[in-house]
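K.L.:
The residues making up each chain are set out below.
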Amino acid sequence: MIEQELIEKLKKGDQAAFRFMVTSWQDMVYNTSLGLVQNEMDAEDVTQEVFVKAFESIHGFKGESKVSTWLYRITVTKSLDFLRSKKRKKRFGYIYSLFGEDNELAINPPEFVHPGIVSEKKQVAAALFKALETLPEQQRVAFVLTRLEGLGHKEVSEVMGNTVPAVESLLQRAKINLKKQLSDFYRQNLE
Amino acid sequence: MKREQQAEQWVNEALESLDGIGRATANPFLFTRIEERLRQRNNPWEKLARFVARPAFALAVVLLFLAANFYVANQEKQERLAREKQANEQLFAAEYSTSSNLSNEFSANK
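Respectively, the protein sequence lines represent chains A and B.
Residue numbering for the first sequence follows the working numbering, starting at 43 and increasing by one per position.
Residue numbering for the second sequence follows the working numbering, starting at 40 and increasing by one per position.
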C-alpha cells in the first residue's frame, strides 16, 4: 500500500489501514521508545500511546513528510513526556517520603539491557545505557535515532526539526559526554 | 598509566557495544491492546475524566473559586456600605427634623 493511499484510508477511519500501519511500524516505534525510556513495559505503553495519538491526529497530517518520520516525531515526544512525568513522580515521591507520608520511593529498576544486543556485549552495553540516561534530551534523542535505529543524519534532522550540522553537533557532544561518564564510571571501578 | 589505558579500553568497548545491534520487537498483541485503549478513550466517562484531569481545568476551577469569593466579599461590602449610608441618612434626617422642630418652636414663641 502506498503511503498516500494509506493516509487517505486512515483519514476515513479504515480499521484495516490502521492495522497495516501498526504492524508495519510497531517495531520501529517500540525500539525507539525502548532506547529512550529503557524499560520494556514503559516502552510498550508509550508505543500504544503513539499509535493512539497517530490515529487521533491523522487528520492533521498533511503528508509533507514520510509516515515513518511523523511516527518517529510522535514517539520522541511521547517518550520524553513519559520520562518527564516519571521524573516528576519520583521527585514528589521523595518529598512525600521526607514528610513521612505513606508513599514509597520509586525503586530504581535493575540495569537495562537492550534485547537486540549480543550476549557477550550485554555488560558493557548496560554501562553505556546507564551513561545515556545522563545526557541532555536532545543529545539522547539524536544518539538513539542514529545508533539504535540506524538513521542517517538527514533523517534525524527531519525527525528533530533541526539542521544536519545541528544534529552532527548534538552527536559529537553526546559522544564526548558519554566518554566522560563512562570514563568516570570505569575509573571508580578500578579504584 | 596502565589503569588509564584499561579504563580507556573499556570506554571504547562500551561505545562500540551498539555496533550490529538488532531491533527490539514489539508485543505480538500490540494491535489488540491499542484497539482496547482506543475503545476506552472513546468512552464518554473516560473523556470526562481526562478533561477534568487537565491542569487547565484545575486552574480554571481555582480561578472561578477565587472570582466567586471576590464577588461575594465585594457584594457584602457594598451591602454594608449601603446600610451605613442609609443609617447615616436616617440619623441626619432625624437630627434635621429635630432641629427644624426646635427652630419652628423657637419661631412660634417669638
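Rather than coming from a laboratory, the hints here were simulated on the basis of the structure.
A portion of the hints provided could be inaccurate.
In the DSS-like style, the derived pairs of lysine-lysine whose C-alpha atoms are separated by at most 27 Å in a straight line are [said to hold, decoys possible]:
| no. | chain 1 | residue 1 | chain 2 | residue 2 |
| --- | --- | --- | --- | --- |
| 1 | B | Lys86 | A | Lys217 |
| 2 | A | Lys172 | A | Lys104 |
| 3 | A | Lys53 | B | Lys41 |
| 4 | B | Lys41 | A | Lys164 |
Simulated restraints, written as ranges between beta carbons of each label pair [unchecked claim]:
| no. | chain 1 | residue 1 | chain 2 | residue 2 | range |
| --- | --- | --- | --- | --- | --- |
| 5 | B | Glu47 | A | Lys128 | 30 to 36 Å |
| 6 | B | Gln114 | A | Glu106 | 52 to 58 Å |
| 7 | B | Gln117 | A | Met83 | 58 to 64 Å |
| 8 | A | Ser127 | B | Lys124 | 52 to 58 Å |
| 9 | A | Lys221 | B | Ala95 | 16 to 22 Å |
The beta carbon of each residue, even a glycine, is placed where N, CA and C say it ideally should be.
K.L.:
Hint by hint, say whether it matches the structure.
P.N.:
Consistency of the hints with the structure:
no.: 1; hint: B/Lys86 <-> A/Lys217; result: 44 Å, violated
no.: 2; hint: A/Lys172 <-> A/Lys104; result: 38 Å, violated
no.: 3; hint: A/Lys53 <-> B/Lys41; result: 63 Å, violated
no.: 4; hint: B/Lys41 <-> A/Lys164; result: 25 Å, holds
no.: 5; hint: B/Glu47 <-> A/Lys128: 30 to 36 Å; result: 33 Å, holds
no.: 6; hint: B/Gln114 <-> A/Glu106: 52 to 58 Å; result: 55 Å, holds
no.: 7; hint: B/Gln117 <-> A/Met83: 58 to 64 Å; result: 59 Å, holds
no.: 8; hint: A/Ser127 <-> B/Lys124: 52 to 58 Å; result: 56 Å, holds
no.: 9; hint: A/Lys221 <-> B/Ala95: 16 to 22 Å; result: 43 Å, violated
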